[in-house]
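Take these sequences, add in the hints, and give me the full structure.
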Amino acid sequence: MPADALELIRRPGHELAAGLRSGEFSSVELIDAHLAAAERDNHGLHAWLTIESASARAEAAVADSRLANARREGAAGLTALPPLLGLPVALKDLVSVAGGQCTAGSRILAGYTAPYDAHITERLRATGAVILGKTNMDEFAMGSSTEHSAYGPTSNPWDLDRVPGGSSGGTAAAVAAFHAPFGIGTDTGGSIRQPAALCGIVGLKPTYGRVSRYGIVAFASSLDQIGPFARDSRDAAALLHSVAGRDERDSTSAPVPVPEALLALATSDDAAAGALRGKRLGLPREYFVAGMELGVEGRVREAVSALQAAGAIVEEVSLPHTEYGLATYYIVAPAEASANLARYDGIRYGAGRRDGDTLANELATRGEGFGAEVKRRIMLGTYALSAGYYDAYYLKAQKVRTLIKADFDRLWAQGFDALVAPTSPTVAFRFGARLADPVSMYLSDACTLPANMAGLPGISIPCGLSDGLPVGLQLIGAPWSEAELLGLARGYEGITASASWRSLEPTQLALAGDRGQPTPAERAASAATLAGAA
Amino acid sequence: MTAPAIPAASASERYEAVIGIEVHCQLRTASKMFCSCSTAYDGAAPNSHTCPVCLGLPGALPTINRVAVEGVLATGIAIGATTPVATRWDRKNYFYPDLPKGYQISQYDLPLAAHGRLAIDTSSGSFVVGIQRAHLEEDTAKLIHGTDSAGRKISLIDFNRSGAPLMEIVTEPSIRTAEQARRYAEELQLLLRTIGVSDADMERGQMRVEANVSLRPRGTEPFGTRVEVKNMNSFRSVERAIAFEIERQAVALDAGEILTQDTRGWDDTRGVTYVMRSKEDSHDYRYFPEPDLPPLRVAPAWIEAVRAALPELPAARRSRYTDELGLSAYDAGVIVAEPDLVVAFEAIRTAGPELPAKAITNFVIGDYGRALKESSERTPEGLVGRANAAELADLLRRVGNAELSRTNAREVLAEHLSGGGTVGKIVEAKGFRQISDRGALGSAVDAVLAANPAAIADHRAGKPSLGFLVGQVMKATRGQANAELVGTLLQERLDGPAAVAEAVADPDGVAHPDRTDRQ
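Protein chains in written order, with this note's numbering: chain A, 39 to 572; chain B, 769 to 1287.
Just to be clear, a hint being listed does not mean it is correct.
Stated by the list, open to error - Only some residues are given here: those of chain B computed to face chain A with a beta carbon under 10 Å:
hint, residue
1, Ser799
2, Cys803
3, Pro820
4, Gly827
5, Ala828
6, Tyr864
7, Ser923
8, Asp1036
9, Gly1039
10, Tyr1042
11, Val1043
12, Met1044
13, Tyr1053
14, Tyr1055
15, Pro1057
16, Pro1059
No lab work stands behind these hints: they were computed from the structure. The C-beta atom is built at its ideal place from N, Cα and C for all residues, glycine as well.
Structure, rendered in structure tokens:
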């Protein structure tokens, strides 16, 4: 790859947009540079399940002609262009793209071709974004490491023997590895924020109802939200702006206007930092949990100090029902999933057995098509909804969910602008470290899933490194406060613009393209062998 | 399997039947319950009316059909039910190849309508059926079982029906006889058709009736073991199946058998029920609130708007016809039971307010009713053929004024219905203007009497020959004679004026010639 291509893909999306408009490079050149990086690194990262070079180049060519037409019309024509025109975006492989695969990381959807575009796919097309391909994920978004993909794990570009987090680990790794400035993930209990933290990028889970779920393979309907990954807050905001808004086809998408402020985040670091002054931030003591790594806590507390130094008012607060979050989440989410995944019977689409009678075919299809974690959650959910258990589990969990939401509401009523917390209690862990003990995996999301339970927006932004691995800072806001959260995130970027860790790149990225190096599946297998020997 | 012997003494003397009816009916909407696919799939190619939503594709989400909701609201109002301020949707989970999502979106504990009732008439008096609830759900796909070219058994699935709106109406266990059950189903069908929410055709599967039947010894409270009966495809089979099931259970109980909580099908040809499923196969549906649909708030103003748009309901219409218009309960029942008859009755009354209601009734039930059965053609107003209400009123007026004989009126009607011409022109063209002039008819009567001395002799001898003589006069006048006047003139000449006065006083003599033609 030419040196200028390597430099090009490291630029944020808003700079690339400017370059396209000025004619510094074409969308085809830009897309080619990103495709080359993705294709080179996929050996060692396995971030992508499919890279759609041909359609991406075709879409880029269309973008170039739109750019050329606009350029002839002068400044007005260029201003009228949609912000993401000609820029590459990575999609988690649960977003429907007409004519393309949509596996949700599961064997049961192998061979399924989506016949329609998801709402966000339509929005991305309308805004001119170029879809590079589909990224790896934990099967049906169930997991925190991307190790539960039926198509093999994804490596973290900071350490190829470690996980990128999950379930949107493929998108997080791809954006962190400069394969695309923009990525789409989904977050049901932390599946955007946790991999963003573990890969050292920005990931935003919007307010429930902000982005239409139409065309997104469902995990838990009342918790799932679609959101952006990017390497800075301005890009995350621009991507959110392009996909958010009411969609008639999703009855849970809200008729709340998408704030134009998302496209007007401060460009100068000083202005961004200045906006922090007087902001009232809560520090929930329950989020500094036992088992949190010292390095993570250290980076988060340093970030809090930096925010205070910039004029933010930080107060310790309490969210007393936090301790019940994990237990209730693991009733509500599996219950909904047990119904949402009932449609995968192998009859109409996807991999299915045809050699027995109807019942035998269905049992074989589901027995062979679903992985162990998915089966575990289907069983959990089915149990929780069964006659005689519903009141004790599902109904009780919904009541606790109301209390968790009330904890947050109390703080918003007291005038807090946002809450500051760690995103993940640990940095990226090694392959296999949590596979044997599901609860240890579930604990990865202890700090993120309360926002899902309460339907709140949350963002994870990089706040430094611990043992050479990224740490994420989480900001949680009141409903519909995404623009304010991104403003705070932008402020933090402003005050840490010259921090030394900001100039560091994923340390093992250079190894990813080396065909002599093991693949993530091989690394995971040898980790399993070592664990077995120990 | 053979039918159990039915003992001579009726089971009803020993046991009381406890019957509840569940009716599923397809609502008349343009699109499906949760997607915008058309419901006009009758006769369409399989799977031609489908989309990601009703195929249950990954990522598809439901949206609520407002018209379907209004269908249930209208039904709820019509049965005097209550509607909660907020209702919601629930998932009913079970696997079956005709259920693409693996769950059916239905309503569990907050139905759109609850606590209603429907009054019915039976041979042993009127009865009020308590209705527990009416709720909305989605229909399943259709399974077609067959064999492929290699002779292997295969099942095909047509998803055209998948997601069509279904209303389920469940009664309290307040029905006690098979006849009440049939009458309830008939009256419910009439109600649904009247308010326009469903075509409710049982044979086309638009209305499916299931019955829960149990027996208990007379005078006891606890319910017996309940059996669910399905596959009843007509009102008659509803009555027969339930009657059979009551006898079957009675015989079994008398023999000391323990009944099992089965689902049984009705075999109409053999006239028996048979076991389809036993209780061990019963499902735990794991109902829980549908997270893809927010709770639906039903504002009072919405209910009021639906109420305001409701037509007159069958019960109210029957009362009006009997109490205000003086129709017999029987006639009122016949007209109200058939929406086409109601349309004609009301239209003719509007076009001819001065016409006696009884005359319109006789016409609508008689000649017009026959025409309805013979032709499926309807005007935009809902009249048969090319009928026009003002012309029908004109026809009745002419008959009433004795300008047109009843016989010729039938011919005029037929011509009007097929050609749409005015009654006046048809009467003129056919020369049907009735002769009601005593002088003109007198000479025709005299001529017939002169030509038929034998008939006169018969009459004098007490043999009935008056009808023959009237017929001869009608023939001689090419049907234009006023038959009633001809009869009077003949009697005057044969028996003297006093006899005529007696005959006219008999109300059932010739006053309602159509009444006996009805069936």
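- Of all the hints given earlier, name the ones this structure violates by number, lowest first. 1, 8, 9, 10, 11, 12
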